[in-house]
Amino acid sequence: MPPLGSGAKLPIYGQPAAPDRAPADGRHPWRSLRVLGAGDGPSREFDEGAAEPPAGFSRRTFLQILGASTALASLQACRPARQKIVPYVRPPEKALVPGTPVHYATAVSLGGHATGLLVTSHDGRPIKVEGNPDHPASRGATGSLELAMLLDLYDPRRERGFRRGQAPLAYRSLLRELTALAASHLADGGSRLRFLTAATGSPLLQDLRRRILARFPQARFHAYESLTEDSAREGSRLAFGRVLAVRHTIAQARVILALDSDFLAVGPEALRLAREFAGRREPGPEMSRLYVAEAQHSVTGACADHRLRMKSSEVLGFARAVAARLASRHGHSQLAPMGATPSGSPAPGDVRIAKESAAVADDLARSSGRSVVMAGSRQPPAVHALAHAINAALGNAGKTVEYAAPAFDDTTGPASLQPLARDLAGGKVDTLVVTAHNPVYSAPADVDLGTLLGRAPNTIYLGYRDDETAARCSWVLAAPHPFETWGDARAHDGTVSIVQPLIQPLFESIPEVELLAAFLDLADQGAHRILQDYWRGRAKGPDFERQWEGWLARGVVPDTAIAAEAAAPHFVEIAAAVKAAPQPPAGLEMTFVPDYKLHDGRFAENAWLQELPHPVSKMTWDNAAYVSPATARKIGVEDGARVELRLAGRKVEAAVWIMPGQADDVVSLPLGYGRRRAGPVGSSVGFDAGPLRASDAPWFAHGLAVAPLGGAKHVFALTQEHFSMEGRDLALAFDAKAWSPEKVEHLKGPSPTMQEPVDYQNQQYKWGMAIDLSKCIGCAACATACQAENNIPVVGKEQVLRSREMNWMRVDRYFSGPPEDPQVIAQPVMCQHCEAAPCEYVCPVNATVHSDEGLNEMVYNRCVGTRYCSNNCPYKVRRFNFLNYRGDMSPTEKMAMNPDVTVRTRGVMEKCTYCVQRIERARIETRLEGRAIRDGEFTTACAQACPANAIVFGNLNDPRSQVSKLHQDERRYDLLHDNGTRPRTAYLARVRNPNPELS
Amino acid sequence: MATSWVLAEYGDEAALCAAARRLRALGHKRLDAYSPVPLHDVDAALGLRRSPVPLIALVGGVSGAAAGYLMQWWMNAVDFPINVANRGFHSPPTNIPITFETGILVASLSIVIGLIVLAGLPRPHHPVFEVEGFRTASMDALWLSAEVKREDEEAVAREMEKSGALQVSRVPEGSR
Amino acid sequence: MSVETRQMATESALADLLEGPPVLVGSPEDRKLSEDIFRPVWEQTRRGWLALFGITLGLTGLLFSAIAYTFAKGIGAWGNNIPVAWAYDIINFVWWIGIGHAGTLISAILLLFQQKWRTSINRMAEAMTLFAVIQALLFPMIHLGRPWFFFWLFPYPSTLGVWPNFKSPLLWDVFAVSTYFTVSLLFWYVGLLPDLAALRDASKSKAARVAYGIFALGWRGSARAWRHYRIAYLLLAGLATPLVLSVHTIVSFDFAVSQLPGWHTTIFPPYFVAGAIFSGFAMVLTLMIPARKVFRFEHVITQRHLDNMAKVMLATGLMVSYGYLVETFIAWYSGNPFESFVFFNTRARGPYAPIYWLMITCNVVVPQVLWWRKARDNTIFLWFVSILVNVGMWTERFVIIVTSLHRDFLPSSWAMYRPTIVDWSILVGTIGFFGFLFLLFLRFVPAVAASEVKELRRELEHERHQQSHDQAAHGS
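Listed in order, the protein sequences are those of chains A, B and C.
Residue numbers for the first sequence follow the working numbering, beginning at 107 and rising by one.
Residue numbers for the second sequence follow the working numbering, beginning at 48 and rising by one.
Residue numbers for the third sequence follow the working numbering, beginning at 112 and rising by one.
For reference, chain A alone in the conformation it holds in the complex:
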């Protein structure tokens, strides 16, 4: 991997953009929150800016800088003052105690949908992202993407400042130029003015758009998202005649049919649905049952009780078969016209589909009103419409699924890009403002946006990084990180969150709000005032300031959720659309899937996510063309073989990885890789699916040809190379009817020992953990949370290949059953904190020992690095600093370190500490209040992030604590119990709930 830290020195806010520049002096560019709170942050930064010429320094540029910065210096009074931000829950005076972390509520948006966050800020530095319990989309949970955004904030290689061509621009002159540019479009009502934005639910941005359109009636806004939800929109339009957002609540659902829907890991509802789903995975009559019909092996598929392998194009046929069964057997006659019984042809596929669809339909019908059919955003509108119809017929609508007006009403797919492309090609555009995420990279293959951008004289790109799009635009403006700017956002259910900055921008940048405001001559006001002005008008009641602070504090604006409305599907239209849908042809099918780590490619430069193992394949630093074992045999390729994928005259090169459980005749390639201009971390990592992805088939396409290229195999870096449990009792899973507590009796309880076990009962606390494999969905958010909390370094592909990854927490993935269609189980493994720890007695220098409360403690400054402890650890959870992985941190990267956790040096062993720093902080705070730590008052980073509540941490000496109860659970067992290590971490066996008719 290229080194994470270039020698880039700490940049000073307000300086002109320049790649790497020595700092004016050692002063930190950011202010402590006290200064922020006081609202009188000195803004002397401009003089400093003037002091430093940029790289590539010439007399000419020097004069420009000088001019620009003196201009800024003279105008600094016009810049908005540092505004007041409000911490979450905790009273502000506490925020002023240096060294105590403060939580601030804010929100980040992906695809226009906000997730509410609590960001831990340490002396003014955001160091950890957590979920906001008050936010409907989070409920306290977070996904890997949100967690890893923190790393982007401190990336020294993000875009800085503003430039037109190569000439740097200062903020003031930029505003002046923009205002002038806007004015030039007034004459013809902006007919040659275009905006290409990302999908956004932000009320403020939408309002600004309206006002811009009011000022420039001829101007056009286009929204583009690579991972568009257009087919869902179209589906609802098809079904209900108008666009409606679909909201699922599966807390009560007993039967769930996911039609190619990865609802547990992807999409605006994922975190909440994962929690609701996990809530019903405990064995018993109320246990839910999940059917997943999909091609590629997804996180949701891995959690399914029945994973129905089929091509993406076959999903519609399957859904129709279900509908037909419901109509014929269960009296839902309104479904009859859209149903289609699979031809009784002897084709094995049809036979299987017939059997499975019948069973699924019966199951759905049995629990009408408590079942739900979900269609994935990758599926065509017909499937969505059909899902709506079935849900309506089963009476699920209003119970497990609700409909409401969408938070934003943009087409975000190719459909919205095409008209823009036509205008550009026709030379109808003078000014194009691009705020979408790197559209040049993610645009469909048939829209050569890169070239088209050249047709417009003024292309203004507001980007976070110097990426493919920046290379094609005449103006490049640095965008601030979400944690650096003011704004607002809406959750999937419409709930509004105010986005408040947690730190002054590390590098000079302009928020989208101010950029758009420039077209309204409002730029001078600054994002904060514009935002407040917008909301002041909408606040109910007199005292706006108090309400405002309340909104900031809680992270949500109350009563802003969009009310659900009744909606009746038009069965006739749906039937017509469904019938019109083409039959899936035979042959190889190409499917494009959103990546769990890089999303649409915007996180390619994020080293945490690059090194995070893919939840299913455990692959790091790569994507691959996933094929099923059978298909691999048919094509004649093995793991790592290079192939050329040909589709409709376009072709890309990729390397094959054989994925058990993948549908046959399907090649799936995750999006977001193969970036050409991402930066030292993400460039030319993996294979770009883009060139095969056409507007007419953004998610899957027929007629794929695969040609093995031979030559050297591509080397994939996997953190887990062996997927079989070798018949050992490791990650246990049982079918509900086969399950009985006796199954795990031999894996718990006291084990014979010569040494009298130390008695921890007399201690106030006896820390322990329980991990419920029934709930764990294997999304690996815990691993990312651990990485952020514990300053865990990234080591790069070459070191991962040498199996030296440093993640303290790993999510093991085991397959069982036939490789074609295996069962999958995920098992998070970190230090088990054995009471009789094998690692301890072999350490010659007493560097790993036991605490009074039974923690297995690692003493970094005593460790000499014999690595004997790792050899003797049966769980192999210890990690060793083979090289100086932390040697070359840039100043900004140092700011990301959690000050409560030691940054380990070379040659030292490290491992999970049960987040001992959190234990100690809780201990200190409760001692000050003269009381004991309450159960659930704090928890480890992994448990906190887990959307499924699968990880529980607490005090085993408190019989009422949740973890104590789980340790008594009948499903509890110890990993490698026979070794007599007496681990403090207990696992709860997974219980599956398969349909007897299908097994």
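Be aware that a few hints might be false.
To list a few chain B residues with every Cβ distance to chain A over 12 Å, as calculated [what the hints assert, rightly or not]: (1) R71; (2) N123; (3) V131; (4) P140; (5) L156; (6) V178; (7) G211.
From the structure, some residues in chain B lie toward chain A, with a derived Cβ separation under 7 Å [stated by the list, open to error]: (8) N130; (9) A132; (10) N133; (11) R134; (12) I160.
The set of hints was computed from the structure by calculation and includes no laboratory data.
Just so it is clear, CB atoms sit at the ideal spot from N, CA and C, and this is done for glycine as well.
Chain A is fixed; fit chains B and C onto it per the hints.
Positioned in the frame of chain A, the structure of chains B and C alone reads:
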């Protein structure tokens, strides 16, 4: 009191021993014999007692082992007891190897030191080295030395010649 | 009477027949012996010696630059990883320690058993022990993640206030290996004293005289000194014998005390000791066969010595094979799935199976040829056998350490180990450094203990004299 060394080379062990006995009978106790390899009968002839080295070794070994064990007990069980993998602070079985090793180590060291001290080493300079012919003592010759008062020098030398010495030479003390 | 006579005669004849070739050819005079044995020290430096010296010096350089690179980069310079956190470092350590066993064993145990054939080979064997242990001593330090803190392994009152953990086998190692080195050094030096004195006295130049004089400590071979010397040497031998056995026992604890399948095996102590002697004798042969030829020591280091060493190799080789057999049997008999997986799957059929089978070939199959006297008599052949055994013992340690680690309890953490160029440099470098020291030894110190050979000659003469005398007495 000025002393002097009288050295005589002998053809075989018997002659050397005979001479040694004779001289002792005459009251010259400060005799020594030199040979490339240890000889059997000389000790008796020179009236040497058993070597104390075994005793030194025993004392060294026992004290070394004891120290080794006490060290482990004190350090891990008394001075800084830590709960290591639920093992007892003082666990005799795990202390055996080091106890054994320290015992051997100290025993060996005391043996060698004892040998060096008892044998009067190191002593690179010694009157007997003044005799060029004495070089053969480490090669193949047998030598007998007597440290006597200056006035007895003559008599002793004559005694040695009488007892069949191949050659006799005298080294007055401090004649360097 | 006459009956007894005949009995005796037949017995002595039988003895001759059994004893095979003599341990000392002829009955050379002391002077002649000294000259023969000291010749290599006095003679002009040979071209061959210089060439070898150059090579080994180069390899020594390679060794220390590789170590320097490791210190600069970190253990990451090696192929080690998680789960295979120990690899070449500990393999080489155990291998060298094992080699370092024959020397003391030959000198000490054979001395206690009064084996005459030990006399002319013990000096070389002891030297080899010292140099092998020096190689071994490198690794406990350089394999540390933070080698500059190696002294934390010793019990000294540190500012951290904490003491070493005496429950850790690694700490036992520290004491065992350092003790072993010290005692071997003392034993060797004490044995060397009379010869140093002889060299001093025989030296032609003043410089040599002074140099050897200093190391001789003024040894005069006086009866008063011999009296202590004999018993001291005997006692050292007596102490060294259990020490030798203890050292490799403790090294084996590094593995036996852990709970890793393939390491946690009770047969390890005896089987490691046997293996150590096995490899040690192999190395002695590897070095002695050429040295003996070059320096024309055939009459001192006779066919008898080689024959006996070959027999010891055969015996210990059989013990090692028995070790393999027992641990494999127990793996099956214990019914422990992890244990049996290591032996029947990972080792025999896993990715490292070729190395396992190479080990079986070198350590179990090849030594069997030594049953035949012809094989033992053919020095060239014997030499190649000894080389193979050295290779086999190295692969044994590889099999024990790497194969056990790379696939342990949780399949999720299984991973392969691949050595780097630095790993290889250090292995080759230690061999070079070892040769370097051994060449210096051959050049400046008598490779055969002259004084002891002289003593041996006397004993042999005495015996003959006794026999003839007895026979005469009976005859009358």
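Here is how each hint holds up against the structure:
1. R71: R71(B) clear of chain A: closest Cβ-Cβ about 59 Å, beyond 12 Å.
2. N123: violated (9 Å)
3. V131: About 5 Å separates V131(B) from the closest Cβ of chain A, which leaves it inside 12 Å; violated.
4. P140: Answer for P140(B): violated, closest chain A Cβ roughly 10 Å.
5. L156: Since the minimum Cβ distance to chain A is about 24 Å, L156(B) lies beyond 12 Å and the statement holds.
6. V178: Per Cβ check, V178(B) is outside 12 Å of chain A; nearest 56 Å; holds.
7. G211: Holds, because the least Cβ-Cβ distance between G211(B) and chain A comes to about 66 Å, which exceeds 12 Å.
8. N130: holds (4 Å)
9. A132: Since the shortest Cβ distance to chain A is 4 Å, the answer is holds.
10. N133: holds (4 Å)
11. R134: R134(B) check passes; min Cβ-Cβ to chain A is 6 Å, inside 7 Å.
12. I160: violated (30 Å)
In this structure, the earlier hints numbered 2, 3, 4 and 12 are contradicted, and the remaining ones agree with it.
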